[in-house]
Each structure stands twice: as structure tokens, then as C-alpha cells.
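S.K.: With the sequences and hints as input, model every part of the structure.
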Amino acid sequence: MKESQIKTSEPDEHGHWGKFGGRYVPETLVAPLEELTNEFTRARHDNNFWRELNLLLRDYAGRPTPLFHAQRLSTHAGGAQIYLKREDLLHTGAHKINNALGQALLARRMGKQRVIAETGAGQHGVATATVCALFGLRCVIYMGAEDVRRQSLNVFRMRLLGADVITVDAGTRTLKDAINEALRDWVTNVHDTYYLLGSALGPHPYPLMVRDFQSVIGREAREQILSATGKLPRALIACVGGGSNAIGLFHPFIADEAVRLIGVEAGGCGDSLGKHAARFHSGEKSGGGRVGVLQGTMSYVLQDPNGQIATTHSISAGLDYSAIGPEHAFLHDNGRAEYIRSSDAEALEGFRLCAKLEGIIPALETAHAIMPAIRVARELPRDDAIIVNLSGRGDKDVQLVADLQTR
Amino acid sequence: MSRIGETFASLKRLGRGGFIPFVVAGDPDLATTERLLIELAAAGANIIELGVPFSDPVADGKVIQRASERALRNGVTLRDALSCVSHIKLHIDVPIVLFSYFNPLLQFGEEQLAGKAGVDAVLVTDLIPEEAEWWTQTLLGQGLDPIFLVAPTTSDERLAYIAQQARGFIYAVSRAGVTGARDQMTRDAEALVKRVRAVSDLPVAVGFGISTPEQVRLVWRFADAAVVGSAIVREIETLDNSPDLVKRVGEFARSLVAPAS
Ligand SMILES: Cc1ncc(COP(=O)(O)O)c(C=O)c1O
Chain V
8 MKESQIKTSE
18 PDEHGHWGKF
28 GGRYVPETLV
38 APLEELTNEF
48 TRARHDNNFW
58 RELNLLLRDY
68 AGRPTPLFHA
78 QRLSTHAGGA
88 QIYLKREDLL
98 HTGAHKINNA
108 LGQALLARRM
118 GKQRVIAETG
128 AGQHGVATAT
138 VCALFGLRCV
148 IYMGAEDVRR
158 QSLNVFRMRL
168 LGADVITVDA
178 GTRTLKDAIN
188 EALRDWVTNV
198 HDTYYLLGSA
208 LGPHPYPLMV
218 RDFQSVIGRE
228 AREQILSATG
238 KLPRALIACV
248 GGGSNAIGLF
258 HPFIADEAVR
268 LIGVEAGGCG
278 DSLGKHAARF
288 HSGEKSGGGR
298 VGVLQGTMSY
308 VLQDPNGQIA
318 TTHSISAGLD
328 YSAIGPEHAF
338 LHDNGRAEYI
348 RSSDAEALEG
358 FRLCAKLEGI
368 IPALETAHAI
378 MPAIRVAREL
388 PRDDAIIVNL
398 SGRGDKDVQL
408 VADLQTR
Chain G
47 MSRIGETFAS
57 LKRLGRGGFI
67 PFVVAGDPDL
77 ATTERLLIEL
87 AAAGANIIEL
97 GVPFSDPVAD
107 GKVIQRASER
117 ALRNGVTLRD
127 ALSCVSHIKL
137 HIDVPIVLFS
147 YFNPLLQFGE
157 EQLAGKAGVD
167 AVLVTDLIPE
177 EAEWWTQTLL
187 GQGLDPIFLV
197 APTTSDERLA
207 YIAQQARGFI
217 YAVSRAGVTG
227 ARDQMTRDAE
237 ALVKRVRAVS
247 DLPVAVGFGI
257 STPEQVRLVW
267 RFADAAVVGS
277 AIVREIETLD
287 NSPDLVKRVG
297 EFARSLVAPA
307 S
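Taken in order, these protein sequences are the chains called V and G. Under the working numbering, the very last position in the first sequence is 414; numbers go up by exactly one each time. Under the working numbering, the very last position in the second sequence is 307; numbers go up by exactly one each time.
Hints are computed from structural coordinates only; laboratory data are not their basis. Honestly, I wouldn't trust all of these hints.
Stated by the list, open to error - Computed footprint of chain G on chain V, listed as stretches where at least three residues anywhere in the stretch have a Cβ under 8 Å from a Cβ of chain G:
(1) 200 to 208
(2) 299 to 308
(3) 311 to 324
Stated by the list, open to error - Cβ pair distances, simulated, as ranges:
(4) G:Arg-243 <-> V:Glu-42: 19 to 29 Å
(5) G:Pro-289 <-> V:Ala-140: 36 to 46 Å
(6) V:Lys-14 <-> G:Gly-155: 25 to 35 Å
(7) G:Lys-240 <-> V:Lys-26: 35 to 45 Å
(8) G:Gln-158 <-> V:Arg-226: 38 to 48 Å
Beta carbons: idealized from backbone N, C-alpha and C, even for Gly.
M.R.: So this is what it looks like as C-alpha cells:
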């Protein structure tokens, strides 16, 4: 690993960040992954591609998103000024559309007529169904049965948008199982199918590609905070499921070493394996987060001592996943980023606080970053700033929170 | 020459096709797996593939997924699969290929695995040779054959590269897709085997979807061995712990390799 690679966090040509990342897939998928990598590399150097994507991001998705000074949350924290990067204001309600648009353009360039995707919270599924409607592509979404239950509003949205939603009944019936089914579909239908993966996960080139498409978040935020405050923020805070909204915000700040990068994992409802989705929590003898291979990539994976992948729990479907994107594993091990946990209860507290103090109802995923942000801000002087990635809006979660309240 | 190499050499001398059945360790339980391995050897298996159960078998269809789940419900681990092999070694001398996803092997440790495996070869479903160089070296250093898959989507250039890394035999996946029995064999398999022959002298086994005696004989016309997985695992599932499960699976295996009548 070269010093320069650490400074810029660029993977090698096979998608390795140090030992993390890579391509751990059945042989049948090597050819389509290679084809995708080649197309992505060509598109990356093609101004026309970016021009078209940027136009869609502006006119269809609603970019740039505002960087909002959350004054009442800041006062509540009593420290640094808290700024919210408003990805919740994007079309379809979360950052996921940034990546979905980019990859849909690639699918079209590659002449693929059928798009498949996995979804946890349903936000990526909705974003994918949306871009498929826009481009006239067939769309199949895999979603775990448990997530279908707790995010039923999004299931209805996807169907309205013309997607086939396939309920996955295997395993823990959550995001991981949806990805397994999507991979099985892809391996069977490689010739005409584009797999539109929704987070900075999976085999190369996905972690790099998704990060590139999400980095627009950090590029905008960097300019916006400089023009609002005249200096860099002290910290960036984002929730981490697979890691796409976090890496999108972090990446353009990697070289700004004074800026702390803080990822928030789902602490769930307890410390033991199966009760949380905190991949950097090494746990006890019964297992925990260790370096391993899941779904095409080497990263930190929650697992038992025999290498069986552990079940996870989070109140938010989008963070409820046993592995984390490989670039986060790399940033964790080299110390550039920090990863903390926030529990279900704390997420609910953040959810309510953000709604009450700022009039913004965040997604439950996003809500995991609110209370940690308040703690970080509290330790800093008032004339400093921190940025929270407000990755999505919470309409999809209102019913779930209401049900919890009446229980 | 490795035991697997010798097996194929003697098949060639006899002018016969090889039969490679697959079962999952611990399905329906470990004691039965041991008896199944012995029975399959008696039924004419030239090599046996022993699957290590994994929680997230992305390359497998429903039948092997369910077998994995049954084994995991019994708490079966890689260690158990290996001790199963060391037990049956006293009774049969058919070479054994350990068939696993990468993560259980990675957590076990390659040194450990090589040191006490008792298996002849290792095939890792989600490990391509580019990611596996250190791993392959360790296996080779301990006299274990690394077996790699090739698929209809594999380019000629990669076929040549994979053939260089592989030992024992090359496993040709009959068509794009997950494991599971199919009614029809496609022409993909034959075309793929031809392409492999052009770049390698290693024996070629064809698998994924082979479930009938006709399909086995068809494969023998152009490849060195036929792998039968899901069809056997489905028998085990259907027989559901019946007292004559082992015997009936043996009969099924014999029917697969019986000469056409
Ligand atoms: C609003 C929102 N934030 C965050 C996430 C977590 O994903 P990632 O870590 O890739 O940003 C999701 C996933 O569904 C989401 O919907």
C-alpha cells in the first residue's frame, strides 16, 4: 500500500483498498463484472456521460441539495454549528437516486434492457424503479420479507412505478438475503441483465462506482460549507449501512486531514451477536465483526467463529446488514475515519428531536447520526461547524414509529 | 501425480467417463454423511465432492440452499466436515474434493486446513484465481490440488490463465446460473469443454444441472467426468431420514452410471 493511496483512498486496478475489496464471486460473474468495469472506466473519462448525468441530477433529481444550518439543533447541542446536507430533499427522498441515475445511464450505454436490484429500506428499490420508469427499462426488485413488512409504503411505491417486487423468504429475510437472490438472478441472466447495486458494497467495480456517483454529496457540501463559514468543518457524520451515503460525503474530504470523518453504525438493541449491525464491534467469543468475505468483497463482516454470517438487527432496514463497504474497512484500519454505534432507542430519540427542533422528519437510518452529532458538536467551540448527512426523509418510517408508540 | 491425477489417468486407460457425486456435510446429519460417502464410493464414485454448509450460498439453487440450512441447523462446521473425511478414509480411498465458500475456509486458516485436511483438493465457489494466489500457493505447498471453475462466460484468455493455476481437473460449469437440476443440457457445456481442451491437458469435469443417466452419458461423450450435485441432494431431502436413505441414495447413484439398456 502506497502512502499516496492512503491519502487519496483510491483502490488498485482490481478494486483493492489494501486487503479489502476485490472480487470474490462465482466464475460466471467475472465476465459481466469486467464488462461493467470497462464501461464504467470509459464513462468516467467521457465528458458527455457526466454532462448527461449532471443534467439529470439537476433537473430530475433536484441537485444541488441545500446545506442547511440547523440552528435549533445547534443551540440544543450548545457547541459547534450543525449543518444538514439535505439529501432528503432529492426526488424519491434519499441519496440513493444519485447512484441509481448514474448506473442506469451505464445500463443504457451497455444496451441492457432488464435491471435488477436489492433493497433494504426500499429507498434504493424506489430509486431504481424510478430511473427504470424514466428510461423505459424492465425492473425487478428483491426485498427481504421482513423489510417488505416494515417498509410496506415503499413496496407500494415500487409497484406503482412499474417494478416487480420479489419477496425473499430466505435467511433473516433482510437486505443480505435480498442481495443473495439478486446475485443468483444475475448469474442466471447475465446476458441481458444489469445489476444495479445500491450501496458501496459487493465485488469490484461496485464499491468504487457507487462511491464515485455518491461523491457529489461531499463535493457540494465542501463548497457550500466553505462559502457559508469560510472554513472547513471539524467533522462529518453519516450513518453507515453498506456505506454509500457516508463515503459520498467523506470522500471529497479525505485529504483534509483535520476534518474528522465519523460513521455511525446501527447499535441495535444490545451488544451480543445478532442484536446489532455494528461491523467494527469485534464482540466476544461468540463472534462479532472480523475480516471476512461476503457477497463479493473482503471487509469487516459480522460472523460466528466458524465463518457463518451472523444475523443482524436494527430498527432501520437500511442499516440492517452484516458487512460494510470495503473502503470503510480501509479507512477504519488506517485510522482516517472513526466508527461509532447508535442504538435503536437513540435513533428514535434523534428521529423525534430532528422533527421537533428543525421540522425535518429524517429516515430512521439517517436518525442514527443525529444524537452522535449532538455529542460531537457539544465538544467543539461555537464558531466551528460540523456536517450531518441527512441521507433521507422519514415518511416511509412514520407508520413504524407510530406503531411503536402505541405498543 | 496426485491421487486425483491418478484417478483420471486410470479412467482414461479404461476408456471410461468419471462420476463425481456431491453431498453436503451434515445433511441430514454427520453420521449419515459418513455412510453416504462410503455408499457412493461403492456405487462407483471416482471422486466425491463434499460440500461445506454456508449461511449465504449465492451460487446455489434452492435444493442445495436447503441442504446447507439443514446442516447448519445441526451446527455442522468445516471442522466437522474434515473429521467426517478422516473417519471415512479408513474405509474408502476415493479422492475427496472439499467444496466450500471462501469465508469458512478463511476463518479456519489456510495453514490449518492444509495441515490436517485429509482431503485431496479444495474448490472454493467464490474464489477466482486472481484473488487466490497466496491461497493457491499454500494449498500446493501441502500437496492439495486447487480446483477452479470455468463458465460459459469465461473468455479464452482467462481460460488459459485459470488452466495454469489449476491442478487435478478443471470444473466446467454447464451453463450460466446457480446449481440445480435442469431438464435440458445446453450446447454451452460442450462448447466450453472444447475451449478448455484447446488450452489445457487437465481432465475436465462438467457439472451444474446434471440429473439423469442420459445427461451423464451425454457429458461423457465430450468430457472426462460428470458431477451430480442437486439431483443427489434432492434424493436425500426426499427420503427425509428414512431408515433406508443410504441404500436408496446408493441405488440412485448406481442408476446414474448404469450402462444404457
Ligand atoms: C435514507 C437512507 N440512509 C442510509 C441508508 C444506508 O445505506 P448506505 O450506508 O449505503 O448509505 C439507507 C439505505 O437504505 C437509506 O435509505
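S.K.: Is the gap between the beta carbons of G:Lys-240 and V:Lys-26 within 35 to 45 Å?
M.R.: holds (38 Å)
S.K.: Tell me whether the statement that chain G covers the stretch 299 to 308 of chain V is true, taking a Cβ distance below 8 Å and needing three residues at minimum.
M.R.: With 6 residues in contact (Cβ-Cβ under 8 Å with chain G), the coverage given for the stretch 299 to 308 of chain V holds.
S.K.: Does the hinted range 36 to 46 Å hold for G:Pro-289 and V:Ala-140 at CB?
M.R.: violated (57 Å)
S.K.: Between the stretch 311 to 324 of chain V and chain G, are there enough contacts, at least three residues with CB-CB distance under 8 Å, for the coverage claim to hold?
M.R.: Since three or more residues must qualify, the claim that chain G covers the stretch 311 to 324 of chain V holds, with 5 doing so at under 8 Å.
S.K.: I want to verify a distance hint. Is the separation of the beta carbons of V:Lys-14 and G:Gly-155 within 25 to 35 Å?
M.R.: holds (33 Å)
S.K.: Looking only at beta-carbon atoms, does the pair G:Gln-158, V:Arg-226 fall within the given range of 38 to 48 Å?
M.R.: holds (47 Å)
S.K.: Using the beta carbons of G:Arg-243 and V:Glu-42, state whether their distance is inside 19 to 29 Å or not.
M.R.: holds (25 Å)
S.K.: At a Cβ distance under 8 Å, does chain G reach at least three residues of the stretch 200 to 208 of chain V?
M.R.: violated (count 0)
The structure is inconsistent with the numbered hints 1, 5, although it conforms to all the rest.
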